[in-house]
Amino acid sequence: MMRYRKEKWQSFLLVLPSILAIAVFVYGFIAWTMRVSTSAWKGLLPDYTWVGLKNYIDLFSDQRFMVDIRNTLIFTVVFMVGCLVVGFFNAYLLDQGLRGENFFRSLFLFPMAISYIVTGVVWRWLMNPALGSRLSGLNLLFDKLGLDFLINKWHTTPGWGIAFIAIPAIWQMSGYTMALYLAGLRAIPDELREAARVDGASEIQIYRHIIFPLLRPVTLSAMVILGHMSLKVFDLILAVAGKQLSLDVPAIYMWQTTFDGYFFGRGGAISILLLLSVAVLIIPYLIYTLKSEPEI
Amino acid sequence: MKSKKLAMSVLALLVVFSILLTACGQAAPAPATEAPAAPQTEAPAATEAPAAKKQVEVFSWWTGGGEAAGLDAMIVVFNKKYPDIEFINAAVAGGAGTNARSVLATRLQAGDPPDSWQGHAGQELIGTYVKANQLEPLNFLFEQEGWLKVMPETLIPLISANGNIYSVPVNIHRANVLWYNPAILEANKIAVPTTIDEWFKAMDALKAAGVETPLALGEQWTVMHLFETVLLGTLGPEKYNALWDGTLAWNDAEVTKALDNFKKILEYTNSDAASLTWQDAAQLVVNGDAAFNVMGDWAEGYFKELKKAPRTEFGWAPVPGTAGTFQFLSDSFVLPVGAKNRDAAIAWLTVCGSKEGQDAFNPVKGSIPARSDADKTLYDEYLQSAMDDWAKDIVVGSLTHGVVANDSWKTEINDALGIFLTDKDTAKFQAALQTACESSGPCSK
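Which chain is which? The protein sequence lines are E and V, in order.
According to the numbering used here, the first sequence is numbered sequentially starting from 1.
According to the numbering used here, the second sequence is numbered sequentially starting from 1001.
Worth flagging that the hints you see were computed from the coordinates, not collected in a lab.
Mixed in with the good hints there might be a few duds.
Chain E residues, not near chain V, derived (Cβ > 12 angstroms throughout) [unchecked claim]: (1) A31; (2) I57; (3) L73; (4) G97; (5) M112; (6) K144; (7) A163; (8) D199; (9) I206; (10) R208; (11) L215; (12) L276; (13) Y285.
When the alpha-carbon atoms are kept at most 30 angstroms apart in a straight line, the in silico DSBU-like pairs for lysine-lysine are as follows [to be verified]: (14) V/K1340 x E/K42; (15) V/K1424 x E/K243; (16) E/K42 x V/K1428; (17) V/K1428 x E/K54; (18) V/K1189 x V/K1264; (19) E/K42 x V/K1131.
A virtual CB, placed ideally from N, CA and C, is assigned to each residue, including glycine.
Isolated chain V, as found in the complex (with noise of 0.2 angstroms):
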């Protein structure tokens, strides 16, 4: 009896500092990036570096890839124009975000914020950080820096909310963009179709040609991905604009076409989309099992990635019915009220809408810069063509990305977009997004 209660006790301790070990491990990183805000209040003697260094400490979820390739460049590009601010790259790895975002919510309710943080350009950050009052407005940075005149007139009110500009975008990505494959299209002797009744005849004549997949889909969020462009393609981009900012009813009967060509556009889809990431299903395109694909640009930076030559192996074009328009997403920066060191924050966003650090960053993630004065030679032949439309379309904002609808709104469109998938009833899809839009958008009841 004796020996079993020292057990159960040896046992009771082993949880307990099994618990104790497990808080400290997802602790850990933590001190990390906060250690260095010490310097700022006691200079430790131990340090070599000078006393009283200024610092700054940015937030991303750039850890891997083109992504953090491109941070280095722009932190390259910092370091050199202040010297005296040391920059602290406070990263958080994990799925597009997800995690960053939510250490980000935590450090926000604890009063503790980076002193800048990476967000995706529009309702995102807006609908979630400046809702909540966490954020300050830029104007007075874009109108010092002369940002209003070099980025596009039509991307301002998509990053602003009531006339205030809350965050400084650093690279544009393109999400209306067909990839297609030109071998296949020139063996059935199609033309890349500009409208979508024209993309409807040309996978019809592919089915018949005993082409398996017409358009190549992938998980949801791509299947999300396609629905924006082809609500943009059916609704041209006033109404497009018009049904994000509460102005345009979303059980509108033009809204109700939308949907139909996208039930419609469904059916050339692979039957084991849900099985396939974004890189499955672009990669199709390129290995000739599909002849079109919808889906950012960053496809380019994949199809790159795998040595297949532009023009000859993929081609691209704007969503069918969307030429003219150029729908974005953007990585941006922003300034958090009660940044611990708000001069260094806002010399970071000097450098990020800078067009050295624009130049710096986006040729090696594989992205546009936001302004429309970079130096195109040292893009390649896609980015360039991007760039050129960059500065002449019209601009609209993708919902998948962030730009339109704030998250909650999103997540509940998702939802919708989910049922439909299993249901494929365009009326209660209809139903549900004007639901949506009450519960979380601007729409009124």
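In isolation and in its complexed conformation, chain E is listed as follows (with noise of 0.2 angstroms):
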């Protein structure tokens, strides 16, 4: 008995570091960020004038944060798709028990290792979006093959140009999604499999009805993780388009008006609305992994 409660309180103090660090280094200044959020600070030096929620009322009838919705929606819901659908192609294809998995495993997961600063950097080559004369990447590639009709304006188009910057996004991290999935479809007993066959199913039968409902868990947790990514989407909008209100999301706003423009309460704001969107989609997953984990 004593032995056990030594033990725990040996672990208890090598956790405290890191919980302290925790409480304050992220709740703590969650807390505070909630508290510029609803003050009047403008400006160089700190101003908690209080104001109560009139910096996020202020948020939605301001057209940028608009854009920053629209935005961020169109590429949450094209890099989440996007993920899935090649990532589970690419886990079905290695399931098929081809030669050579090992390596194919590994390069479709590499880029996921790489920073979004430097995809960004390579795709803004490859997505080149100048027109006639000084055709460059992607649709100078496409020129010379003679799929002109593929030329585009990728991320300058109007509109959609964000649906575009959801390319290098799924490049990157459908890798991860096929890892995931392939996890997924090893996990599933061939037994189930055969016995379907047995009783005279189709291959599409089975995936339709067998496969993809035992997968739906990792589809899930591939959601949530893809999800929460795309919320907090910055550096690869950075680096690939650079500051311009058409590729806006709203990382960048928070960024730009705090930073550039003094406008701290405002930026608080947007913070704790990004903090807030995140959690919709995580807490509930959290409170479902943990009901499902069994206890140590």
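With the hints in hand, could you dock these two chains into one complex?
Pasting the structure below:
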């Protein structure tokens, strides 16, 4: 009994520094940001005059923020669907027991190891939107291959540029989704497929009625992970397109308005809204996984 | 179970250490700049320098290229004049001062200002630091050094607030410069346009002659740069100034005309503007892909870097409609309230405003001195022409580069401009500009 208690104290002491660090640097600053978001702080020096939810309400009549919401939604949908489809397709191919599976698995996973900034810079070159005599990047490739109909303005396409920003993001994260799906596919016992085949199910039916339902938890995890990444996207857009309003997202708006324009109150409000949007996604998922995980 | 707990504890420790490590990593450069401040209070025996040597810590974002070389040249002048003061160069690298300014903001909030820092002359300094009571007026220094006599009369109000001058301009850049490709204009028999209407005609002719991009444009800040010059070209200097001091409303009919001009000008630009930096856009002109580009005169330094010859491979003129006006921007240095080494800071500012200091800095940086009595032989052909204009033109300030609007107002204009670029709705743009002026500028509701 004594031994057990002592051990408990030891482990608590070991964890204590990280608890303190997280309490201060994560939760402390969240609380402070909330306070700032309800203040009239605009300018170099802090001004904690209470203004209630004014900063939040103003945001919803702020045209730039409306652009941000629209862009975030488009980006999230394209990015998530793209990653899930490409990721599943690659996992399906790898699951067919082809030779050199290890090689291909690493090949598809590697982009994930690259930082968004590097991906962004490379894709900035690839997605060069110059037309006419200055064709470059992928457009030039299309031109040389005679695929002229594919030449486009990429992220400078009016209205829908943000959807093209999702391409590098899909390139980067679909390998990760593939790994998730591959693990999911491997966890499905062969007996189930065989039983279905014995019952006369076609391959399509097997996927539709057996594999997909069994992969649902994997899809859910993937969606939560991809979803919170897309809500926070920042560096990728900056690297591909710089600061321009047509490709704006909340994180960039927050950064510009706070540190270029000194609108600290507004910046705080955007940060809190970002946090809430991510929390809406993550918290139900955390509760779900905590409940379904057996106690240690 | 036990091993799992142990693993968890080790993991937790690792996390904490990594946090601490990153924290240290970020904090590390700070002591390097601050450490030299120590000898002032207690002279350590270890240093070889004579005890109680005076110091001045100067903060800037001049860390590379001609700017850093120019600063070094000015430091040489400073060291010669004030050998007993040690110069501490606290430059912070990164993106046109964005990083430096947040470091500065943190230091000011902590009550630890550098002895002097760099800032764009005008409202960028005044709206941020003077408003927060961080700067001392410098009228005494301007009078004592006779700078009021050698700097243009129309410059002084632009760097002052309530009659007080708050910074010493070191260099001057011109914003309203139209760069053109002489070969393209000649081939199409087009004279350099001097009014906005002539400019339209010239660009129509070029388009008809098959020039894909009459006017090269880059990312959003270069659009704002174009916008301010068109505003100036349409309104003229007096009304342009009136917009910024609140005496002319933004919903005035004259502004509508300027916005219509601006909208029309955008039709002559390249479709991939948003993906180009200012260098990319300027390069289109010297490469023969575009006829015109509106950019500040740092473009000249870039053309020289590309080994292009002035007059034959690139030409320059004031932006149509702005002849006789010099739309300026300037890097300047300030005196903070509560400077640790006030006397040394004043010594630095004296060098900044001196003929010797400015002639050391500017030829290297590729800008002109704020003083009109500088030694012209040190400067190249373009800069000499800019110096002539600086001495005789009416001086107005740039928006994009921090002279006429404070940072908050500027970002609001930038947001309105960004929306305008997506929907091209001038009426909405004009209303948003008026709102911006009311919320962060001098306009009253």
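We went through each hint and held it up to the structure:
{"no.": "1", "hint": "A31", "verdict": "holds, 19 angstroms"}
{"no.": "2", "hint": "I57", "verdict": "holds, 15 angstroms"}
{"no.": "3", "hint": "L73", "verdict": "holds, 16 angstroms"}
{"no.": "4", "hint": "G97", "verdict": "holds, 35 angstroms"}
{"no.": "5", "hint": "M112", "verdict": "holds, 20 angstroms"}
{"no.": "6", "hint": "K144", "verdict": "holds, 19 angstroms"}
{"no.": "7", "hint": "A163", "verdict": "holds, 15 angstroms"}
{"no.": "8", "hint": "D199", "verdict": "holds, 43 angstroms"}
{"no.": "9", "hint": "I206", "verdict": "holds, 38 angstroms"}
{"no.": "10", "hint": "R208", "verdict": "holds, 40 angstroms"}
{"no.": "11", "hint": "L215", "verdict": "holds, 29 angstroms"}
{"no.": "12", "hint": "L276", "verdict": "holds, 23 angstroms"}
{"no.": "13", "hint": "Y285", "verdict": "holds, 22 angstroms"}
{"no.": "14", "hint": "V/K1340 x E/K42", "verdict": "holds, 27 angstroms"}
{"no.": "15", "hint": "V/K1424 x E/K243", "verdict": "holds, 19 angstroms"}
{"no.": "16", "hint": "E/K42 x V/K1428", "verdict": "holds, 25 angstroms"}
{"no.": "17", "hint": "V/K1428 x E/K54", "verdict": "holds, 23 angstroms"}
{"no.": "18", "hint": "V/K1189 x V/K1264", "verdict": "holds, 23 angstroms"}
{"no.": "19", "hint": "E/K42 x V/K1131", "verdict": "holds, 11 angstroms"}
Hint compliance for this structure: every hint is met.
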